[in-house]
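Asker: First to last, the sequence lines map onto chains V and L.
Using numbering that gives the first Met the number 0, the first residue of the first sequence is number 0, and each one after it goes up by one.
Using numbering that gives the first Met the number 0, the first residue of the second sequence is number 0, and each one after it goes up by one.
Everything labelled a hint here was simulated from the structure, so no lab data went into it.
Keep in mind that the hints are not guaranteed to be accurate.
[Stated by the list, open to error] Straight-line C-alpha distance at most 30 Å; calculated DSSO-like pairs for lysine-lysine:
#: 1; chain 1: L; residue 1: Lys393; chain 2: V; residue 2: Lys587
#: 2; chain 1: V; residue 1: Lys611; chain 2: V; residue 2: Lys757
#: 3; chain 1: V; residue 1: Lys587; chain 2: V; residue 2: Lys778
#: 4; chain 1: L; residue 1: Lys611; chain 2: L; residue 2: Lys587
#: 5; chain 1: L; residue 1: Lys757; chain 2: L; residue 2: Lys716
#: 6; chain 1: V; residue 1: Lys611; chain 2: V; residue 2: Lys778
#: 7; chain 1: V; residue 1: Lys587; chain 2: L; residue 2: Lys587
#: 8; chain 1: L; residue 1: Lys402; chain 2: V; residue 2: Lys587
#: 9; chain 1: V; residue 1: Lys587; chain 2: V; residue 2: Lys611
#: 10; chain 1: V; residue 1: Lys393; chain 2: L; residue 2: Lys587
#: 11; chain 1: L; residue 1: Lys778; chain 2: L; residue 2: Lys587
#: 12; chain 1: L; residue 1: Lys402; chain 2: L; residue 2: Lys611
#: 13; chain 1: V; residue 1: Lys716; chain 2: V; residue 2: Lys757
#: 14; chain 1: L; residue 1: Lys778; chain 2: L; residue 2: Lys611
#: 15; chain 1: L; residue 1: Lys587; chain 2: V; residue 2: Lys402
[What the hints assert, rightly or not] Some chain V residues near chain L, calculated using beta-carbon distances under 7 Å:
#: 16; residue: Thr62
#: 17; residue: Pro66
#: 18; residue: Ala68
#: 19; residue: Glu69
#: 20; residue: Gly71
#: 21; residue: Phe72
#: 22; residue: Gly73
#: 23; residue: Ala448
#: 24; residue: His560
[Claimed, not checked] Here are some of the chain L residues that sit facing chain V, going by a computed Cβ distance under 10 Å:
#: 25; residue: Val316
#: 26; residue: Gly400
#: 27; residue: Trp420
#: 28; residue: Val482
#: 29; residue: Gly549
#: 30; residue: Val550
In this text the structure is predicted, and so the values were computed from the model without any measurement.
Yeah, the Cβ is synthetic: ideal placement off N, Cα and C, and Gly gets one too.
There are 2 protein chains.
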Amino acid sequence: MITHPAYAVDPWCLRERTLHLDVLAQSESVFALSNGHIGWRGNLDEGEPHGLPGTYLNGVYETRPLPYAEAGFGYPESGETVINVTNGKLIRLLVDDQPFDVRYGEVLSHERVLDFRSGLLSRDVEWISPSGSGIRVRSTRMVSMVQRSVAAICYQVEPLSDAVRVVVQSELQSNEALPGASSDPRASAILDNPLVSEEHRCCDARAVLVHRTARSGLRVGAGMDHLVDGPQSTNMSVESAADLARITFTASLEVGERLRIIKFVAYGWSAQRSLPAVRDQVEASLAGAVQTGWAGMVDEQRAYLDDFWASGDVEVVGDPEIAQAARFSLFHILQAGSRAEGRAIPAKGLTGPGYDGHAFWDTESFVLPVLTYTAPATVAHALRWRHSTLEMAKERATQLGLKGAVFPWRTIVGAECSSYWPAGTAAFHVGADIADAVTRYVSADGDDAFERRVALDLLAETARMWWSLGYHDREGRFRIDGVTGPDEYSAIADNNVYTNLMAKHNLVCAAQIAERYPSDAQERGIDSTEIAQWLRAAQSIFVPYDEVLGVHSQAEGFTDHEVWDFAGTSDDQYPLLLHYPYYDLYRKQVVKQADLVLAMHLRSDEFDSGQKLRNFAYYEAITVRDSSLSACTQAVIAAEIGDIQLCYDYLGEAALMDLDDIEHNTRDGLHLASLAGTWIAIVAGIAGMRERSGTLAFAPRLPVGITSLCIRMMFRKRCIRLELGAESTTYSLVSGEPVELIHCDEVFQVSMDRPVRKLNASNPSAPAISQPYGRRPEKRCVQR
Amino acid sequence: MITHPAYAVDPWCLRERTLHLDVLAQSESVFALSNGHIGWRGNLDEGEPHGLPGTYLNGVYETRPLPYAEAGFGYPESGETVINVTNGKLIRLLVDDQPFDVRYGEVLSHERVLDFRSGLLSRDVEWISPSGSGIRVRSTRMVSMVQRSVAAICYQVEPLSDAVRVVVQSELQSNEALPGASSDPRASAILDNPLVSEEHRCCDARAVLVHRTARSGLRVGAGMDHLVDGPQSTNMSVESAADLARITFTASLEVGERLRIIKFVAYGWSAQRSLPAVRDQVEASLAGAVQTGWAGMVDEQRAYLDDFWASGDVEVVGDPEIAQAARFSLFHILQAGSRAEGRAIPAKGLTGPGYDGHAFWDTESFVLPVLTYTAPATVAHALRWRHSTLEMAKERATQLGLKGAVFPWRTIVGAECSSYWPAGTAAFHVGADIADAVTRYVSADGDDAFERRVALDLLAETARMWWSLGYHDREGRFRIDGVTGPDEYSAIADNNVYTNLMAKHNLVCAAQIAERYPSDAQERGIDSTEIAQWLRAAQSIFVPYDEVLGVHSQAEGFTDHEVWDFAGTSDDQYPLLLHYPYYDLYRKQVVKQADLVLAMHLRSDEFDSGQKLRNFAYYEAITVRDSSLSACTQAVIAAEIGDIQLCYDYLGEAALMDLDDIEHNTRDGLHLASLAGTWIAIVAGIAGMRERSGTLAFAPRLPVGITSLCIRMMFRKRCIRLELGAESTTYSLVSGEPVELIHCDEVFQVSMDRPVRKLNASNPSAPAISQPYGRRPEKRCVQR
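With the hints as extra help, turn the sequences into a complete structure.
Answerer: The following block contains the structure:
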């Protein structure tokens, strides 16, 4: 249930009908626009009031020292932090003598709509100033998915019932003051004024500011140009300074007249290119945008999104909230990845400064699996970004005494930025997560050029890492000791099942791809001995299992530990990490987020159905979901073991994470992985999708709250369409060559001219599953 | 072998015959004087050149913020750091127009002697100034063990062959500039000028400075008074300012004349007492010292030390280096503990700023066992200090979700100052180490008042901690998971054998003392149920054992880990922690310092002789001794399993740690625990001493390099004397009632009138023991 009245339920958009200042920062995140390259938070045009002003450019960061009272070998000395760059969204308005500010005067009406099909954020407000002047402001904003350096705003103001004189100031503002900056005086000094002016210029309706970051040495250019349409009285003036460029429009508007300004904003940034080069790039982008014009850009955006929805839409019938959330999620996932091209997809996308703007394993393990089947080209870009950091990852491996590549736990441009190694560097699974995303993409897309270069490099270097990290013990078992799995309430454990099974897969896939491309492998120094080593390690990987309990042990010895005192833990003591010390969390059986359960999803074939049932029941009882990376995975396995209602409940939690601000931190940016989890819970949960030896297998079963479900997805250049009903599922091919699929273990072929209808498996009797005291997900009820 | 020619071998003193500036800082540590209350590094009287100026007052510290890039619940926010307080050692000298500075002019002769029997540091130097004036300076310095607030210097200067005019400036100097301050600007700002002036005054030959520390709020007073004896021409003037008090003496000295100044220095400090109170306390101490006079103070000091040596001397015959080192060690251990009274004994004593002046488990596990048998009264004081911090330790336990008391890993006045919890807070064994020191002292001294109050509190509150930290698993075993044992190259492990056995002892001893004093126990809320819980936990404590290898596993799973690649580790990669990341050290079989081997010493009865032999062989092969807390323990068990030569080799390493600067950091202060290890290696190693159910048992066996050994020690108000020869050992009682002892499992009685001679056990054939590549201790050869 959407608990805040601010947002209305609508299948194709997110609509805000009143402006609630208490959710302003959350709204700025959910209304954020991005193309993966530029990110604009949903700040009001006039800049104030704001929750958190935010303009982000992917890869623009500042370094800051990481302090340690007791340092250790290999600790990173500095970290990367995303910075708020020049704000190009700002359009201030003076109405007669009063600044337009919704905190004063009277808001007669307010509506904001984020339209998932047009990719536009529009705002419509009627306001009476404190001295009685009434105006209507309509603004529409986009960050272009087609012209990736460009964002644009159509801003128009008109009088309500009496003539008004208006002054519109369209600005570029650098080094905005931010609320709640860091308490560390050193970090604060760096991040409060991150940009050093290099050049400012203005001419006609155009202005450009060029800055650089002091320590990371990045050059950032921001420019704006304008088209104006107003009464004859309209005047314009332009000025620029180090941190401010401003075009001022003045007009006297009679009733029926309006002032309409199209503002084009372009950004360019580089660690290498010269000041003139960056400046000219920005002005060139502006020129292109002006030529396309507002209407042209709106059309391009719509066409781009039509393409996306045609092959990636998920339509949920019967539960309008989930229906909206599913598209809201896909829209934001697309925004984060669409034009990232050569840059990371951070955990928050470009929607907020949370986690310092870092990318984690979330991207490969939650976001890319969705994009693989909905916008596969973005996945190739994302993995090419990882590939571009390979040299840094190899250096890190050398520093850590390992072969191959060790990718960072958290980063913006590739350097390890984690200062707490038990939950950072020790989480070596990120390497296998990247490898898994690579093999999934290769299998689902069949991109040969990618495979023999990027995939081979990434798989081989991660396989080398695993081979040097693990060792064959006296019984011949391949052990991986002292690492941290996904569950951050355990750390530095031996033989984490998730890590070991993912490493096994990594090693096997590396061997397979090396054998598939022998000459490319040879170029990389991979010989048959190395391949044999990888395979031997994979075959003998150690997977701890508790024979007495009949369940897998999340890591060796885990099931011997004391079980957390859930009954003695009150609701306000969650998330536990804010109320209990790590030492206590690590030594007890309490799981922050799906770990063994995630292994059962991603390495499904390694578990038989009895194990899955017993494992799920065991780990459900000790999993507290203090992470947003959990509910979707629990949804998937809940469905598999037969508890489709529990799957539905978890789907609700994943889907509404940000719309309901479940973790109370959406203000810092969206939880992209949880948004991705909406799709995962629907497609891998309700529809039961798994990749099985190069084929897609489904086992659909609808929860009672959902009447029907229509899923479109891409697989090997085909667009597949599933229509799930209560009784049966119809598979059809929207485009592409015939393809084999699997329905409940039955292989069949579907082609464009022949949809196939299959009866759903009957609901098994759901086993008894319970969660820790107070941690049951909210039960999702039928909405009709 | 003493490798640096600076120090000469002498049985009762440490003598420096030439001034080597390259070992100046090390010399300042080894020549440091202290009474456990005040510490004066062995800086030259004139202040320069210096390695590191140092004046420390036990318990005078400043707080500084502990920075974390990623903080966690329960992390300490600030730490305590020892500060260099007002320097009262300073006596500058101007000879004609030249300042006396050994870096200029010519040093004709130089000698410094630290005399272990007189407790005086004397210096004798002949110097020709650059302009040709020759003088002899003789200074003798003491920090009084009898008047604990007082130090004193007898300083005299005389011309060599021509008359000279001298100016002597005796000073109190606060906020001295220190070399090599912290690179953290915040810490540096705090610690560079730690003292804020509150009052300064001077009168006649006396001056007092009173300061306070800015953040920790401690008031520190320092005063000096003088007696002067010189020719009639002698003049004196006095002045004081915020950070400097100075008495200036001028005299023209004919050949045969001399200027002699006795300088008394007193310190007083308090967190609570007013400025006038602290000031008056300092001046009162000065008045007392002046009345005693220099000769009187010298006599007192000698008498104090005569008492100590009469009951605590260890005389080694045949190996003069070890003979000297044994007394050097005992002297410094005594200095650290003698008058600490209500304060901690830090890891470096008061000899340098190393480890921020913190006390660790070293005190209870290495230093107090020596003092228990040589100066037992100091042990009661040290444990009463721990007891005085009990409320803080209880609060820390509450914060950590535990019952009872959790003592800090490192501290000055009782707050946890460790910022890296895996090697700090997780090392819960410190609680059992304190309990062990308590029971050892109680057993060896029989101090009833101490037992029913201090001992009962400390044992019960630590037992409560263990009981809440561990738990009974499904097999009924009492497990202690996720803790760090003594070996700092492993962390957060389950069921560390040392920890579990020490916890067991802690629990049993707590139960015994509670049963012994039922009414005192009742007052503390200890009932029979709780006692039964402690005993049940102790009885079922889990001790992991590797059946296949036939050895104990240092912690559960340890012997399954990969063995460190010792052959691939070069000499310059030690200590490993400076060249390898923690993640790698923790996950492999490599031991920084005796852990399981320490368990075999302290909990000797928990292992049979076959286990001891196999365990020792196994752990020797993977122990690298990157800690100074290791060699002595290895010496003890080497002797027990029959390798007396190896015991001797390790004794050499422990004994010469600081005299040879083996770890290259003696400049920061002495390694008190290693110094204590000299005695431990001799008494528990060569003489084979163990406490066995309230009796002392010995199993003496001399290495070939030592002709004979005479050990005096206190036990239950008796002074026992052992004279070890190659063939036999003679036990005699120097004072006290007859007592039972054990010699090689044979119980016998010794009384003052009847020494007992016993044949030593024959040397068993030494088993083959090897150390990691390159880590064998230096073989100690016969010196004769």
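Asker: Check each numbered hint against the structure and report the violated ones by number, ascending.
Answerer: Hints 12, 16, 23, 25, 29, 30 are the ones this structure does not satisfy, whereas the remaining hints hold.
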